Amino acid sequence: MTPAIRASRLTKRFGQTMVLDDIALEVQPGECLGVTGTNGAGRTTLLRILATLSPPSSGRLEIAGIDAVRRVMDARAHVMYVGPDLLPGDGLLVREYLDIVRAARPHTVGAPLTVPDVVARAGLPGDAPIRTLSSGFRQRLALAAGILAGTPVLLLDDPLRGLDQGAKTECLGWLREIRDGGTAMVATFYDADDEALLCHRLVHMGDGRASHQAGRDGAEAMRLPPRAVVAGDG
Amino acid sequence: MLREFLLAARRPALTAVLCLHVALVAGFTLVWHRGMPVLAGANPYEQQRLVQWIVLWGLLPWTAVRCAAPDGATGLARVSAVLAVRPSSVVVAKFLALSGVLMLVGMAGLPAVILALQMSALPLSALPAHLFSLAALALLVAAAAVASSLAVQGRLAAWLLAAGSSGVVLLALSASLPAGLLAWLAAGATGSAIAAATARWSDTAHRYCYE
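Residue numbers (our numbering), protein chains in the order written: chain A, 1 to 234; chain S, 1 to 211.
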């Protein structure tokens, strides 16, 4: 099976600062990889590179078998990023924004979702202008758009930030359904407990490098080839 | 394109510009043309047309910059990432949506134009040529505004750049071509060419949100 994400020897440098150093990872369809680490460890940078929002300084990256460094736009069609500051919908109504996402993104994984279903499940006010939404509702909307896109790869940068406990539980359940439907995920969470509820295995980032940690449910042992996640040994 | 058009059409600035344009053009036609001739020997329609072009030359770039989705250079890549479309597609959508909005602003002055034609005893068959020139001006200014918004930061700078560059193009065309449909055709074509070049450039320059 073609991995949903395959990265090798990824580096990212800002000037003289090495933010990511020799990262390698592989994520299969239907698998969720959690990325842990302290602030400034490079988690968001890694996710942005996987989302094709930022180019790596060197290394190889394939999304759904497509070279995401050379064929950025082709790879971009297979990946959706849910993260801070990535909601270009101010001025639109919630339903309009989701309609536009739905029209632009042909659903390719799992059962196609409709905008009314997504609005209802996310508990969003469909006719509200996005600019009037609270941070919690904006977060729900970003997540709803990510799920609605139905891409094979979903990248989640602290997707439960700002959500109340009820919404967190609902969203985690939703994400698990999407994951089990075949969507590959890479996620960072502020709360380690949330991570445990969604991720099959974890990668810990520190000093720009990734080290493999034991998964919460032991699933990583059968999914990962030896040294699939390299701790900067190149 | 729907996103761009909705965002532009909902800006309060658009309503303000529509009202201002109508008030200036109608006000000139109804009040000032008798006592303050702008062009000696020109009829009311010719005088009003000159005033309207000057008004639109200032207003349209401001409208375009003010009403465009406030994406900026980073936002272009962001829209591209969320919708999985090329940055060039976003640029073209902006260009077309803004052209439509600017055309709307220009057409808001049509009642006053028709009035001026009648006051000048000119046939209404002159109206299609007037509309054509409005469309050409809308295309040129929309393209200049989209390119300026990506080239410089801040709305004031983008407005000045858009107004300046479109003014230079209009002056150059009026100096090199006989006035009339051919000059406006060239203005529209220049606008389309600027939009196409901006779109092509954005595919490489605005591919990524974060470098």
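Calculated directly from the structure, the hints in this document are not laboratory data.
One thing to keep in mind: the hints can contain errors.
Chain S stretches covered by chain A per the calculated footprint, using a threshold of three residues with CB under 8 Å from any CB of chain A [as the list claims (entries may be wrong)]: (1) 51-58; (2) 78-87.
Example chain A residues on the side facing chain S (calculated, C-beta under 8 Å, incomplete) [to be verified]: (3) 69; (4) 72; (5) 101; (6) 104.
Remember, it's a predicted structure, so these values are computed and weren't measured experimentally.
All C-beta atoms, glycine included, are put in the ideal place defined by N, C-alpha and C.
message: Hint compliance check: list the failing hint numbers for this structure, sorted ascending.
response: Of the numbered hints given earlier, those the structure breaks are 1 and 3, listed in rising order.
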